[in-house]
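Engineer: Here is how the chains run, residue by residue.
Number of protein chains: 2
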Amino acid sequence: MEALDYHAEERRKAEFDVEEMKVVWAGSPHEYEMSDRVARVVASDPVFRKDNRTMLSRKDLFKDTLRKVAHAWKRIIELHLSEEEVNKLWFYVDQPAYADLHFGMFIPAIKGQGTDEQQEKWLPMAYKMQIIGCYAQTELGHGSNVQGLETTATFDPQTDEFVIHSPTLTSSKWWPGGLGKASTHAVVYARLITDGQDLGVHGFIVQLRSLDDHSPLPGITVGDIGMKFGSGAYNSMDNGVLRFDHVRIPRNQMLMSVAQVTREGKYIQSDVPRQLVYGTMVFIRQKIVSDASCALSRAVCIATRYSAVRRQFGSQNSGPETQVINYKTQQSRLFPLLASAYAFRFVGEWLKWLYTDVTQRLQANDFSTLPEVHACTAGLKSITSSATADAIEECRKLCGGHGYLSSSGLPELFAVYVPACTYEGDNFVMLLQVARFLMKTVSQLGSGKKPVGTTAYMGRAEHLMQCCCEVESAEDWLKPSVILEAFEARAAGMSVTCAKNLSKFSNPEEGFAELSADLVEAAVAHCQLIVVSKFIEKLQQDIPGKGVKRQLEILCNVYALYLVHKHLGDFISTGCITPKQGAQANEQLRLLYSQVRPNAIALVDAFNYTDHYLSSILGRYDGNVYQKLYDEAWKDPLNDTDVPDGYHEYIRPILKQHILTARL
Amino acid sequence: MEALDYHAEERRKAEFDVEEMKVVWAGSPHEYEMSDRVARVVASDPVFRKDNRTMLSRKDLFKDTLRKVAHAWKRIIELHLSEEEVNKLWFYVDQPAYADLHFGMFIPAIKGQGTDEQQEKWLPMAYKMQIIGCYAQTELGHGSNVQGLETTATFDPQTDEFVIHSPTLTSSKWWPGGLGKASTHAVVYARLITDGQDLGVHGFIVQLRSLDDHSPLPGITVGDIGMKFGSGAYNSMDNGVLRFDHVRIPRNQMLMSVAQVTREGKYIQSDVPRQLVYGTMVFIRQKIVSDASCALSRAVCIATRYSAVRRQFGSQNSGPETQVINYKTQQSRLFPLLASAYAFRFVGEWLKWLYTDVTQRLQANDFSTLPEVHACTAGLKSITSSATADAIEECRKLCGGHGYLSSSGLPELFAVYVPACTYEGDNFVMLLQVARFLMKTVSQLGSGKKPVGTTAYMGRAEHLMQCCCEVESAEDWLKPSVILEAFEARAAGMSVTCAKNLSKFSNPEEGFAELSADLVEAAVAHCQLIVVSKFIEKLQQDIPGKGVKRQLEILCNVYALYLVHKHLGDFISTGCITPKQGAQANEQLRLLYSQVRPNAIALVDAFNYTDHYLSSILGRYDGNVYQKLYDEAWKDPLNDTDVPDGYHEYIRPILKQHILTARL
Ligand SMILES: Cc1cc2nc3c(=O)[nH]c(=O)nc-3n(C[C@H](O)[C@H](O)[C@H](O)COP(=O)(O)OP(=O)(O)OC[C@H]3O[C@@H](n4cnc5c(N)ncnc54)[C@H](O)[C@@H]3O)c2cc1C
Ligand SMILES: Cc1cc2nc3c(=O)[nH]c(=O)nc-3n(C[C@H](O)[C@H](O)[C@H](O)COP(=O)(O)OP(=O)(O)OC[C@H]3O[C@@H](n4cnc5c(N)ncnc54)[C@H](O)[C@@H]3O)c2cc1C
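Quick mapping for you: the protein sequence lines, in order, are chains A and B.
Here full-length UniProt numbering is used: position 607 in the first sequence is 607, and no number is missing along the way.
Here full-length UniProt numbering is used: position 632 in the second sequence is 632, and no number is missing along the way.
None of these hints come from the bench; they were simulated from the model.
Yeah, the Cβ is synthetic: ideal placement off N, Cα and C, and Gly gets one too.
Incorrect hints may have been included.
Covered by chain B, according to a simulated footprint, are these stretches of chain A (three or more residues, beta-carbon under 8 angstroms) [unchecked claim]:
hint: 1; stretch: 214-221
hint: 2; stretch: 649-655
A few chain B residues that face chain A, going by a derived Cβ cut-off under 7 angstroms, partial list only [as the list claims (entries may be wrong)]:
hint: 3; residue: Phe313
hint: 4; residue: Pro411
hint: 5; residue: Gly569
Restraint-style ranges between C-beta atoms, simulated for each label pair [unchecked claim]:
hint: 6; chain 1: A; residue 1: Ser28; chain 2: B; residue 2: Leu591; range: 53 to 63 angstroms
hint: 7; chain 1: B; residue 1: Leu591; chain 2: A; residue 2: Lys546; range: 33 to 43 angstroms
hint: 8; chain 1: A; residue 1: Ser215; chain 2: B; residue 2: Asp51; range: 24 to 34 angstroms
Given only the sequences and the hints, what does the whole structure look like? Please build it.
Structural biologist: Given below as structure tokens:
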């Protein structure tokens, strides 16, 4: 018996080798095989079901999460999974859980900021999950401004202890994932005070709960901060609140790799360079970019498949109606997002390389690339997560009414994804940091200091600002060199203009504050250039598989020209392109959409997502949307009875006019 | 004892009379008084509490809705509320409920499409709620394309009945609000078939449930379609699924004002013009625009108040940190949304007038303005709802991490608002209709037929496309005439360019399809011009109150210049402004933000929202954010116990390594 496949015809139309594209998306044949295998392990396991998640109460959802973590942990051990397999497993389990913070923040914090001795003591317990930890930095009153944290850690030389205390309401720790109910320990950031001196924020390992019965230790008030956006979504996580009432910890629980407090209470900076901590940050932001490509591709996969199933209008001679994916408006909204998914994938891949590179340099005491790497990762974190959040919602709208149903998967995906715009650095705060770096780069241009890496083009700023784009016909926009130059000219032009406007202020800080909205736009232009250029670089590699490279070239052009069209004002204002050339870019974009169209389904198949992972009726691989939507509806608890609970108290009296007084 | 008010200082800073602005916002002194009174009635009534809504299970939430409707109904009668008061009451109860559809769609459908006789029979019952009705148009397979509906209503001359039937799965009614559990009746849209002939879609009154015990009648399968976006939000509504198995209704339950079926089964068009039905559509879309200004102002109120409480960075000499509302990036994201709220308010007001105007014309058999009115309402529905949905999410992001908490009110507001982009006409489908009208208008320009109303400027298209904006300094951008001309030139230029490009296609329909993405942009430009011009017109009126008009002028400029900056590519490409003038607009915008800043809190106070209605801790009138966030957290059911349910099964075994095998 042949399996049902409403998309079979679409799949036949593809002009490239989908299997090879899957390998490109995964990163390598090994990655593909591994990822595919783990995805199936998760999908076939009933404990990992998630189709009923949005119907669970908060308590049941949290318990479900605990169950999944325990089960995942069991499977990890039974199957002897390797580290990369373990990471994939958590990825496909796809439910925010305390384990994410334990492995993703608590352990890295100890690794990054603990001395060798501290690592030896704490890491084995943590790796085996004999303790569960979280990362407690943010407070009710301070998030972005870490230096403003209010929790105190006062050294008491009499007992050789730190006293951890929450002096104000706003000093309550607030937000840390896993803190509310699951964690036994936390890395707590607090102001170090010794000998009456405030030495700023440092990390401390603090035990929160008894390892015997999980009850909070004396002096600790801990709980969950309550419901968050959406149903299901991030509510599986116990983001927590934490207050300390003079809680004492031994001196050796301050993380002491970069600074120490001695038995006498003396504060000593170690010779380990502070910059080392940036390594972790690069790693985490690299992961956020890679997560962006996953979330975005998932949403795009759902919207693309559904757009090929959905037919509306345009029936000729009572034949079938037009698939909505054939409408140019639908294409102009959807295909740039498809292209963005690939673009973010490749820039994420490059960031992985960058992380390795920077780690090696740090080990060799070479800190020269740090500022650029920092700016680049902060900026890419910002633009990819903002674009992804918007794109998920656009994909939902592209599905019309049915996209609003939880069973479409898109509402939960949106709700669970959007905090990425805020955590690990608010996106606007990030862009301001990029802008600061760009202004510094511009100011040093005259000094002979050559900008490197992602800012190398700044060295050619003067040239770029005079160059005129050589496009004469729409087709010319297909040349990578043309695209690159236009993006470089725009980015350089915007930075230089900002710098010029800044120089009109006598107080540079005031100027920066006053012009910050423009500076943010310059930062965005710089970061978009990075994404475009890394996509182009990717295409300079050898990419095997029939038609695969060709498809990627099309997507790269779609991504770039979509940005040209969207930010046309920037491009024209900086003088690099004319309005006519802008119109030609737009014309070319339309032609490219027609080339994407026959390959659209295959291009999302290449993400290789299981139906379990997608968790969307609209995005089903087989396209059997209507029957499954219909079947799903009846599972809602409201449908347990024909006549709803409340009818007798609240509907019948109205219908029977028992509510009416004689007056009506 | 003085009441706590963290915003007192901000309120003192205001440069205008807030009480007078409240009247402007409300529309008139009478509206203000009435609205204020009803808001207090709702806010003070414990039954209308909604702060725990996001924590309720689907069943409990639905029951809560039934309870609120019954209670509202009781209060309406007890208090002898007038129609406008009743509308306000439902507005402030602020929970989607079957009553919305009963009063908002079921009754209007009967009024608009029923004969006098039918109205006399059904409306009294409906007004008294002796029956509960919904509007059942959309099916699983068809929403936007109403002409593609599949449900059939076949006339059986033997029994003088229609047989209502769902011939396919995709013909299942799907989405109608109030259908799932509450409605006893529905206006059902179905293909009328008589004498073997398919006469297209018509409306029929069909009883669905027994009036004795509320059970579904024979042949009717009805239920709820399941969870939708978010927690709380639209899940209070029983959007439903409905299937008919040869259900018979008497002939006189077809809505027969524009067409009738006789006893013999003959189909007769009445002499009542079909266009009359457009009246209702104008009314409903006008309401959507007005709703947009409400939802947007609510989000802006929350984000503005919180931005004045939230302080982050910038502490000098250990004084307090900077209120985040003082950051120019925050202002450049927030103040245009504040200005948009006012802009949408005034265009909504104008649409109310337009509705009256068109109704009077229809009664006088004057259909001449209908196409323009239709395009204008469809377009304004689209751009205001899209902008509002995006703006709510931006307001949430403007609140940093805390905006992600349900207690901020913004997640639920977003989830409950976004379907406005889809229902009552998908926003892109609407814009395509506007574009079609614009192309028709352009094509008739030569013919001597003068474009009227909102398209009057098209009559000056040729002049507009040659005129050069006369801005020489940033200040020149404050002149209404300059702004208006720039927006007219842009809109006219884009439409004319589209028309030119269309004329290159031999098949106009193909051309329209091919260029539809550009056409949508031209439609947006046209609609934004309408909003800007109605704001400017409003300012030509006499507006009393110290400083009130001045503030509105500032907001009008902010709204317009924000659009100039956002769509700079359009403005420059159509040749109406130069890049330099674009930069000057941006400069002026920055100066305007500084003028908004001291008035920001007062400008959102002018919306006169109660804390009950806002339902947001971050948006509290008194600004007492942190204490209340903290208190609220402990109410989450997860905090019922210190040690979470599931600890013994799923956490302890991990910590105690009972899960581990000997291998690790
Ligand atoms: C789901 C989720 C999970 C989290 N998990 C953790 C965790 O595990 N551990 C932990 O410690 N924390 C966690 N956090 C907290 C998170 O790191 C912070 O919320 C984040 O850093 C943003 O800070 P904030 O909330 O203080 O935003 P704010 O800084 O208050 O932002 C509010 C507004 O002010 C603006 N703003 C702030 N400063 C400036 C400036 N200098 N210039 C211009 N504009 C400015 C912002 O752009 C924003 O619009 C989590 C948060 C969320 C939502
Ligand atoms: C919360 C909610 C409440 C509702 N309440 C009711 C109710 O009470 N009664 C009722 O009858 N219905 C109701 N509906 C249904 C609603 O009216 C439809 O969902 C709406 O009309 C959109 O139609 P659709 O879902 O078929 O979208 P589709 O038309 O399937 O849209 C899918 C995509 O195709 C695109 N598209 C469609 N046609 C074209 C075209 N010709 N050209 C270009 N692009 C096109 C759209 O832009 C969209 O991106 C409700 C829906 C929701 C979400």
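Engineer: Indicate, hint by hint, whether the structure satisfies it.
Structural biologist: Cross-check of the supplied hints:
1. 214-221: holds (count 3)
2. 649-655: holds (count 7)
3. Phe313: OK, holds: phenylalanine 313(B) within 7 angstroms of chain A, min 5 angstroms.
4. Pro411: OK, holds: proline 411(B) within 7 angstroms of chain A, min 4 angstroms.
5. Gly569: holds (3 angstroms)
6. Ser28(A) / Leu591(B): 53 to 63 angstroms: Holds: the Cβ-Cβ distance is about 54 angstroms, inside 53 to 63 angstroms.
7. Leu591(B) / Lys546(A): 33 to 43 angstroms: With a Cβ separation near 58 angstroms, leucine 591(B) and lysine 546(A) fall outside 33 to 43 angstroms, so the hint is violated.
8. Ser215(A) / Asp51(B): 24 to 34 angstroms: The hinted range 24 to 34 angstroms holds for serine 215(A) and aspartate 51(B), with Cβ atoms some 30 angstroms apart.
The structure fails to meet hint 7 from the earlier list, while all remaining hints are met.
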